[in-house]
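Enquirer: Sequence:
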Amino acid sequence: MRSGTYQGQFTNGMRHGYGVRQSVPYGMAVVVRSPLRTSLSSLRSEHSNGTVAPDSPASPAPDSPPPDAASTASLGEGAEGAEGADEAAPFEADIDATTTETYMGEWKNDKRSGFGVSERSSGLRYEGEWLDNLRHGYGCTTLPDGHREEGKYRHNVLVKGTKRRVLPLKSNKVRQKVEHSVEGAQRAAAIARQKAEIAASR
Numbered sequence: 001m002r003s004g005t006y007q008g009q010f011t012n013g014m015r016h017g018y019g020v021r022q023s024v025p026y027g028m029a030v031v032v033r034s035p036l037r038t039s040l041s042s043l044r045s046e047h048s049n050g051t052v053a054p055d056s057p058a059s060p061a062p063d064s065p066p067p068d069a070a071s072t073a074s075l076g077e078g079a080e081g082a083e084g085a086d087e088a089a090p091f092e093a094d095i096d097a098t099t100t101e102t103y104m105g106e107w108k109n110d111k112r113s114g115f116g117v118s119e120r121s122s123g124l125r126y127e128g129e130w131l132d133n134l135r136h137g138y139g140c141t142t143l144p145d146g147h148r149e150e151g152k153y154r155h156n157v158l159v160k161g162t163k164r165r166v167l168p169l170k171s172n173k174v175r176q177k178v179e180h181s182v183e184g185a186q187r188a189a190a191i192a193r194q195k196a197e198i199a200a201s202r
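In this text, residue positions in the sequence shown follow the UniProt record's numbering: the first is 1, and each later residue adds one.
Read the hints as simulated data drawn from the structure, not as lab findings.
These figures come from a predicted structure and were not determined experimentally.
C-beta: ideal position from N, C-alpha, C; glycine also.
Hints are not guaranteed to be accurate.
What the hints assert, rightly or not - Capping the alpha-carbon separation at 30 Å, the derived lysine-lysine pairs in BS3-like fashion look like this:
1. LYS195 <-> LYS177
2. LYS173 <-> LYS152
3. LYS111 <-> LYS152
Unchecked claim - Listed next, with one range per pair, are the computed distances between beta-carbon atoms:
4. ASP96 <-> GLY13: 29 to 35 Å
5. GLU179 <-> LEU143: 25 to 31 Å
6. GLU183 <-> ASN109: 21 to 27 Å
7. ASP145 <-> ILE198: 33 to 39 Å
8. GLU149 <-> ILE198: 31 to 37 Å
9. ALA200 <-> ARG148: 17 to 23 Å
Construct the complete structure from the given sequences, taking the supplied hints into account.
Expert: Here you go:
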């Protein structure tokens with residue numbers, strides 16, 4: 001199973017700081033959840049689909065970056081766990097198998113958190129605040145047809161904004177907060193691209 005690539009900052013082997021993640025097509029990122037088959041002749045466990053689990057989940061991979069490093073990692077064969085299917089699809093339930101996604105922005109403890117920009121090859125784009133891989137806070141989603149929904153998101157759901165009819169007075173306050181968050185997301189994306197370039201040059 002493949003999950004994509006990440007270029008940017010790491011802390012303790014996790015994406016943390018600023019970085020850019022490029023997914024593989026969603027059709028290739030499907031996670032097969034199956035029971036483990038334990039091998040009696042090895043300290044490793046084998047999934048029923050033939051892939052082998054790491055020796056110890058607590059030990060870092062031999063090619064993992066040193067703690068607090070800015071570097072590039074290719075997240076291939078199972079390196080990202082379930083993120084390829086569950087968490088990389090923070091919005092839009094039905095995603096075409098050929099769709100790819102690029103996220104540029106802040107990461108905390110291996111998850112999109114803070115300000116960032118997510119762009120899909122389908123034309124879907126979100127600029128704003130994130131928390132634990134979900135749209136959370138103020139932001140703007142631009143749909144493939146060009147329509148926009150902007151406002152306050154809570155756990156990936158628009159709770160206050162242009163999708164709902166709000167009072168004009170509150171609308172201006174929400175609009176200002178959205179604009180501030182979009183600007184923050186664009187700044188974070190620019191910093192993430194710089195960090196990715198630095199990581200790629202090492």
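Enquirer: Determine for every hint whether it applies to the structure shown.
Expert: The hints, checked one at a time:
With a CA separation close to 27 Å, the supplied pair LYS195 and LYS177 stays within the 30 Å bound. Simply put, LYS173 and LYS152 have alpha-carbon atoms about 11 Å apart, close enough for the 30 Å limit, and the pair holds. Restraint check: the Cα-Cα separation between LYS111 and LYS152 comes to about 20 Å, which is no more than 30 Å; the hinted pair holds. Between ASP96 and GLY13, the C-beta spacing of about 32 Å keeps the proposed range 29 to 35 Å intact.
At about 19 Å, the CB distance of GLU179 to LEU143 disagrees with the hint of 25 to 31 Å. Between GLU183 and ASN109 the Cβ separation comes to about 25 Å, which falls inside the hinted range of 21 to 27 Å. With their beta carbons about 37 Å apart, ASP145 and ILE198 fall inside the hinted range of 33 to 39 Å. The hint said 31 to 37 Å for the Cβ distance between GLU149 and ILE198, and at roughly 34 Å that hint holds.
For the pair ALA200 and ARG148, the supplied restraint of 17 to 23 Å is violated, since their beta-carbon distance comes to about 32 Å.
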